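K.L.:
Residue strings, one per chain:
Number of protein chains: 6
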Amino acid sequence: MSLHQINPWLGEPPIGWMSHVETSLQEDIGPGDATNRLLRNDLTCEWRMEVQQSGVLCGLGILQYLFDPEPENEEDFLNLNAQDGTHVRQGDIVAYGKLNAKTLLTRERTCLNYLMRLSGVSTLTSKFVHQVGAHGCKIIDTRKTTPGLRLLEKYAVRCGGGSNHRIGLFDGILIKDNHIAAVGSITSAVQSARLSGNYLLKLEVECETEEQVEEAIQAGADIVLLDNMSPNTTAKIVEKHKGKTLFEASGSMNLTTVEEYAKTGVDFISVGSITHSAPSLAIHMEVELIP
Amino acid sequence: MSLHQINPWLGEPPIGWMSHVETSLQEDIGPGDATNRLLRNDLTCEWRMEVQQSGVLCGLGILQYLFDPEPENEEDFLNLNAQDGTHVRQGDIVAYGKLNAKTLLTRERTCLNYLMRLSGVSTLTSKFVHQVGAHGCKIIDTRKTTPGLRLLEKYAVRCGGGSNHRIGLFDGILIKDNHIAAVGSITSAVQSARLSGNYLLKLEVECETEEQVEEAIQAGADIVLLDNMSPNTTAKIVEKHKGKTLFEASGSMNLTTVEEYAKTGVDFISVGSITHSAPSLAIHMEVELIP
Amino acid sequence: MSLHQINPWLGEPPIGWMSHVETSLQEDIGPGDATNRLLRNDLTCEWRMEVQQSGVLCGLGILQYLFDPEPENEEDFLNLNAQDGTHVRQGDIVAYGKLNAKTLLTRERTCLNYLMRLSGVSTLTSKFVHQVGAHGCKIIDTRKTTPGLRLLEKYAVRCGGGSNHRIGLFDGILIKDNHIAAVGSITSAVQSARLSGNYLLKLEVECETEEQVEEAIQAGADIVLLDNMSPNTTAKIVEKHKGKTLFEASGSMNLTTVEEYAKTGVDFISVGSITHSAPSLAIHMEVELIP
Amino acid sequence: MSLHQINPWLGEPPIGWMSHVETSLQEDIGPGDATNRLLRNDLTCEWRMEVQQSGVLCGLGILQYLFDPEPENEEDFLNLNAQDGTHVRQGDIVAYGKLNAKTLLTRERTCLNYLMRLSGVSTLTSKFVHQVGAHGCKIIDTRKTTPGLRLLEKYAVRCGGGSNHRIGLFDGILIKDNHIAAVGSITSAVQSARLSGNYLLKLEVECETEEQVEEAIQAGADIVLLDNMSPNTTAKIVEKHKGKTLFEASGSMNLTTVEEYAKTGVDFISVGSITHSAPSLAIHMEVELIP
Amino acid sequence: MSLHQINPWLGEPPIGWMSHVETSLQEDIGPGDATNRLLRNDLTCEWRMEVQQSGVLCGLGILQYLFDPEPENEEDFLNLNAQDGTHVRQGDIVAYGKLNAKTLLTRERTCLNYLMRLSGVSTLTSKFVHQVGAHGCKIIDTRKTTPGLRLLEKYAVRCGGGSNHRIGLFDGILIKDNHIAAVGSITSAVQSARLSGNYLLKLEVECETEEQVEEAIQAGADIVLLDNMSPNTTAKIVEKHKGKTLFEASGSMNLTTVEEYAKTGVDFISVGSITHSAPSLAIHMEVELIP
Amino acid sequence: MSLHQINPWLGEPPIGWMSHVETSLQEDIGPGDATNRLLRNDLTCEWRMEVQQSGVLCGLGILQYLFDPEPENEEDFLNLNAQDGTHVRQGDIVAYGKLNAKTLLTRERTCLNYLMRLSGVSTLTSKFVHQVGAHGCKIIDTRKTTPGLRLLEKYAVRCGGGSNHRIGLFDGILIKDNHIAAVGSITSAVQSARLSGNYLLKLEVECETEEQVEEAIQAGADIVLLDNMSPNTTAKIVEKHKGKTLFEASGSMNLTTVEEYAKTGVDFISVGSITHSAPSLAIHMEVELIP
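Residue numbers (our numbering), protein chains in the order written: chain Z, 1 to 291; chain U, 1001 to 1291; chain C, 2001 to 2291; chain L, 3001 to 3291; chain A, 4001 to 4291; chain E, 5001 to 5291.
Quick caveat, the hints were computed from the structure, so don't treat them as lab data. Be a bit skeptical, because a hint or two may be false.
[Unchecked claim] Below are the DSS-like pairs computed for lysine-lysine, each with C-alpha atoms no more than 30 Å apart in a straight line:
hint, chain 1, residue 1, chain 2, residue 2
1, A, 4240, L, 3242
2, C, 2240, U, 1242
3, A, 4240, A, 4098
4, Z, 102, U, 1176
5, L, 3176, L, 3242
6, Z, 176, Z, 102
7, C, 2127, L, 3127
8, U, 1176, U, 1098
9, L, 3242, A, 4242
10, U, 1098, U, 1263
11, L, 3176, L, 3127
12, U, 1244, C, 2240
13, L, 3240, L, 3263
14, A, 4236, L, 3240
15, E, 5144, A, 4098
16, E, 5127, Z, 244
17, U, 1244, C, 2244
18, Z, 127, Z, 176
19, U, 1098, Z, 176
20, A, 4138, L, 3244
21, L, 3138, A, 4244
As the structure is a computational prediction, the values presented were derived from the model and not from experiment.
With the rest of the complex left out, here is chain Z (with noise of 0.2 Å):
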């Protein structure tokens, strides 16, 4: 039986991840594996779960939920050799267990798909993190993200040392361009903004020349999003306004490029490509039926 000596996740587990599992489970098995069928029920096997490539890891609480022995089934066991968050390289045994063969081989590719997918974004988050590390500021996510997983990939942008921006539109004011526009100017965005929002809300003003940023600055905006800015402007606008205001710095952000706006001295970059092309981490499966 299992002792989960290790807490698989790092810090809070993101919200409703138990029925967001379930229900994948249920797409891949639909009505039924028709597969599985051919094996006997009380077939046991060993498995262990081997890293084909370096990265991070996120979804070992996935993991340890899917493969979790059953309490009866008394020399089943599952074993964590790392947690969420954990660098790992080639080769790597991040879990093994011994279980039931056909809950194993059922569960498999559901498995995989999450540690996968999520470890990808947790390693390609954790390689913005080093290339920014030495000038203290911070990668932050975007809400580009895949239609059905966002507090999944901000879980796992958490766990590749990244901070996350707002989850939705709900918890924090972005006033972008065309709102600016809609209102006619920044000050009485901001100003319909502090009156119409939650006053627990902080609001950012998307900027894209130096004198929106003055305007935004001067009417009271907590964070200022300096959006497309090459790394020389965005120098010059932090070091004039510094301790005024936040800046974040925004546009297609890429390993080379990152640390010269590191070196700005903004707050944040924010980086949509951590959650929308962060290719999957390999992963590998090897099960063994015991005789």
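Assemble the complex: chain Z is given as a structure, and chains U, C, L, A and E must be docked to it using the hints.
P.N.:
Just chains U, C, L, A and E, lined up with the frame of chain Z:
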């Protein structure tokens, strides 16, 4: 009002797509869009969707659903210049229209998240399809899909010119190494599967050696999966057994190696990366408020 | 406390049975059992389930779920004398136990409604199976099931010794007269279906004449359905084409005519009435309160 | 386009029927109709629904819902020749219309499954009603219904001319032998029930002896259920106590015995078999494609 | 670990309470408690629940559910000093325990929201019950409940010593002025209702004049609702017709007027304000962290 | 047919209100309205909604949804004389129309339950707002709402002229005494919260002493909650620290004391009773059947 001259879908839309979209909207909006409250309810805007990279589109039916004007706003409209499966180039405007501003701004991100991800899958699939095109074999997907997005991603594979392997564990029998080990031999696994499965499901056997292939064919496998074999071995096997069964090549295909496998004469090549590691296609939304 | 020495299920339980049972309980109990309120909470009773007609049981896993004692009531128990698929005779006690009286009385009707209906299906199926037993062909079900009960009724068919045709429209291709008419010919229908369907699905063609059978075989049908043909015609066709495809006989089978069809050498006989017109098996529950 | 001159429903439709039908469609279609993909999207067909046995119809509202033309297809239509509760004979065309072929073929089986099963219940009910017609007593149903179909089957009973007993455990109080044993006597059971139940619920007592009947009447039972008594005993009791309460006869009624019970003067006769063992009414769908 | 010596519920808990509580937790927590993240996961606290006003408790089962310790935390516990329906005074500690701090702080508000509201209903009900106590009539509720809380509020009414009128439109027949106007007369309304309703439902008629009362009794109403009549008129009617039917007085009752109505001899007095306008009972939670 | 000249909603409707209303209808109707069955289906009535007390309306969008005529009934209509937030007096007709009688009578109670409760919240809120109006501070709500009704009640607060505190635990950080005790000091609690929370959430600290206020401001709290302080202390603190942070006064406010707090110069006064103890606003529905 929209005329819908173009059907956005390629063949049948994936079952359940509409409630998937509603759930994703809810994920983003939560208890309310905190920024949008500063806009007037009657504000209208013109928008256009511009592709920023060459690729193959997927998800225009979702775009149409999200940005379709209310019948009572008679001046609003939505026009499509493309449908799912259309090859597009940087700068192409794939759709444009006129819509209530609050509706548009609240749904913009969700729309792009679908369109960019699904078009990413279609685009990568079409590259594989292009590589093997002359050799008469099909590119097929796997069960390595994003949890919760299987039907949508399998639809995106079709839009990219690929074909679908089984949807899940329920609509096809695929006997793998562990099933064989559990039952003792390929022959007895095939026999058990014929008895236990619904008789309208075909039976595929995963083989790692030539001996296994011979036994699988002897046992009556409808399809043989050649797992991680070299192009040479693959070619030799296909040549020897052509016509007795169908062949699927599988295992870490990439855009460079896939053609060699296509030349071997296999019927199908399955590629996990078209769903698990396709980068998003860059798409941009231009919005202009109408004063 | 229950020991569960006997596994009530025959092979794999039908997916989703537990939430089906919960929904049915809710259907009966609604906002509360108005009669049960007059009972003391701590009242216990002994019960036994007695069959009142010969037949084949189905639904004991549901009985076990509904009448399983709470672990904290140590003297309570549940014993099974049979499992799904067991042939029983009038007077047989199939299960007995001790349980909280309110729990039992509130769940009794729901339990019997499942057990009687599913055992009715199993019993009628087993009669058909018995009729054709010597002739080596399989009795299979159809999609003529009770709305909402498909997976349960298909499980009951298996308990009665029958086999399952496709579960629904998604796990098998069955080309009928209208599909043929729509496309122009059997040949082109089969070709289209091969292209449009998932390639792990077999292809069955419904034929009404010998010419159609020939064309279907020529076109490569995996299975040919002989629709409403006489035993003579059926025999003639099977003899002529044995080995080239599989044959299913279909059309208003009853317990008298089915054997004649079995003698023709067909592989499958599908019978709609085993699901759409099976009478319930009479089962009775005896309850005795413990003073 | 459909004109709906005839209201298909008899009185009020059963609550929730629409989502019941949607769930059943989903049960059949699952992730997609694998055969229908070979049809063109714009193919149209004419259809008619023909009864193959005499009986009483039920389910035409479901037929109308499933086969109702889209408003934009102006030449399509649906015509009803009957409504729920109509007595029909072999060969009667109960409905006909014109519709998109894919829509029709995907929904045909689900439609027939409802219509045949519900009409089976209505038909058997009407036979019982016919048997007792002259004697002024009502045929009523029981809670012995198919799990998940209770409201639909109780509606079918009404279509067959029967009446409904309570819908579930919540809208009526029925004190049975076990309740009596638990509390000690009929008198105290009735008193407890009066106190614990909602006071708008009537109170029925199940009696097996004449003494029990006397006690139940004395205690104020609104209705007395005469359980498994002979027609003679039933007649004697009813004669003696006529006017003091209402009487329900119950227990293994069939079409032969029911009239004898009707003659005894009871107010209600409950018959379990009208819901738990009614065979389907044979109904056939003719489809002709329009070239 | 908790011992649960006291059953918190008074009689049967309201059906579905558990999923109601889960939904309310979700309403408050949404995608995560943003403050709680700063706490250590292993922090424990002692808590006690103190009443700040005299009243009658309701909702302790919900408290127990929310604050019940995990079995693996052996030192944690939960003790109840009261159960639903207990009369408490300012300063009474109704429950106390030891629990994980994050769990407690996240659930505290939801727990109090239930407890304060439901105890408010119980408390106001008990005041009405006290006013009429000596006169042998029952205080009953109405359908004027908070949307979504009906079963919980009707349970709270029982905890306060009141009784329940029908739960909804389905478990009782109440003929009002509009029904009478629609059908033409009380007599024909009663007759129609007898025919159309389930026969285990009683029939109540709302009357505004003495003539209507006479007609309702003549027509066989099981209960007569005297709508907005003065105590004098009420008394006169009850005296004249005592024993022929049951009487319910209704219409803007308050704690001053209710006793006059109770003296008239009516069987029931229905009071809308006990559910629609009961102020919350003030209850406070003390929490002390264990270092 | 309805023209909807007046938009019933004040700003944005609360997310999910429509499914909330459907659930409440279901709660009341259950398996069917047992009384309504006696009415003819084609009966029409005129109705009008009359307020019986002065107050502020909330819920007219729900009324419009429930009583909106079917488009095919051309003579039916619905007219609004008010919108949410309108101040009304006894006798005001807020809406009137013509509708199918069965529809109206089945939905009447559910409609009134929403309208009376929500208008009760708006009305009480507006009284508090009126008390503090001259002093430039805002009345805000708390999380002390009815379980399941949070978004609706917070909308009602806005209709009454109040503002909203955070919606739940997820869209604002509020550090209370227990969080402070857990971490050791206000300073470290604020620092931890800044690190662990989404950076678009403001940070409020609950203080009970002047020393705590100083520390909170020093630590950078965006808002300081002055918990249960006297008006004098509150005034002293606000005067001393005006401009450094925002201040919220909280603790057992009533209509008498609230003005004293408003005079202190605080920015917000939070009042639990506006949601947890607002009595319903009396509203009446007149219905007249059209012969």
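K.L.:
Which earlier hints turn out false for this structure, listed by number in ascending order?
P.N.:
The structure breaks hints 3, 6, 8, 10, 14 and 16; every other hint is satisfied.
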